Amino acid sequence: MGDHRQESHGCCGNHEPGETQPGRTLRGRVGRKLSPYSPRIIKANHHVHFSEDTDKLGNTAIVVKEKEEGTKYEAHVGFLQILHWYHITIKVPVKDAAEGYTIGENQGVHCRAESLKVVEGGELEVLVNMLAHKEKLLKEAVTLIKPSGEELKLIVFARVLGKQKGTPMLRNGIKSYKVEHDEESEASDWQGFT
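With numbering that gives the first Met the number 0 applied, the sequence shown corresponds to residues 0 to 193, in that order.
These aren't lab readings, by the way, just hints derived from the structure by calculation. Be careful, since some hints might not be right.
As the list claims (entries may be wrong) - Label pairs and their computed distance ranges (CB to CB):
id, residue 1, residue 2, range
1, P146, H75, 25 to 31 angstroms
2, G69, R158, 26 to 32 angstroms
3, E68, E124, 30 to 36 angstroms
4, T101, E73, 19 to 25 angstroms
5, Q163, T70, 19 to 25 angstroms
6, H180, A97, 20 to 26 angstroms
7, A97, E73, 40 to 46 angstroms
Model, not experiment: these values are computed from the prediction. All residues carry an ideal CB built from backbone N, CA and C; glycine is no exception.
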């Protein structure tokens, strides 16, 4: 009897590993169908890639981008959880940080700057107090006053997970410190109208 084993470079030698002949599916040892993306079949040249907002060790960082020179910055803080209060430390790369920035008077209800300080490298470190008050994309603004008297807008972007959607891994510089009570929860003691 002849040995009908398949060669290691495809089912009939005409296909790459992981490919199937048209109209056929791959089967594992116990007869179950395998996805063409199964880890056993993927070619060895795939590697894990981290996004631009991670350092060489894989630690996540808050991404700050200058949108208008010296007057408007965006901080992307990643995923937060609905109805959680956060202290977010954002380092803004301004050129004149040591000259005396102050916190503007027009602060939002859900997001406000708490403190400012100059850190190594001449960056301005802003401590922001923020409530993730709505699901999906959250955009909040913080106003700082430059030494010249002009306003600097710091726009904070976050993706907010809703109830029962999991717990996000917070980026470096973000700490959750309080959770608001959900008035619409099923555990509410409100009895309704009588």
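Status of each hint after checking the structure:
Restraint check, P146 to H75: a C-beta distance of roughly 26 angstroms satisfies the suggested window 25 to 31 angstroms. Between G69 and R158 the beta carbon distance is about 27 angstroms. The supplied range of 26 to 32 angstroms therefore holds. Restraint check, E68 to E124: a C-beta distance of roughly 20 angstroms breaks the suggested window 30 to 36 angstroms. In this structure, T101 and E73 meet the distance hint of 19 to 25 angstroms, their C-beta atoms being roughly 21 angstroms apart.
A hinted range of 19 to 25 angstroms is violated for the C-beta pair Q163 and T70, which are about 40 angstroms apart. Evaluation of the 20 to 26 angstroms hint for H180 and A97 yields a failure: the beta carbon distance comes to about 42 angstroms. Between A97 and E73 the beta carbons are some 23 angstroms apart, a value that contradicts the proposed interval 40 to 46 angstroms.
Of the numbered hints stated above, those contradicted by the structure are hints 3, 5, 6 and 7, listed in ascending order.
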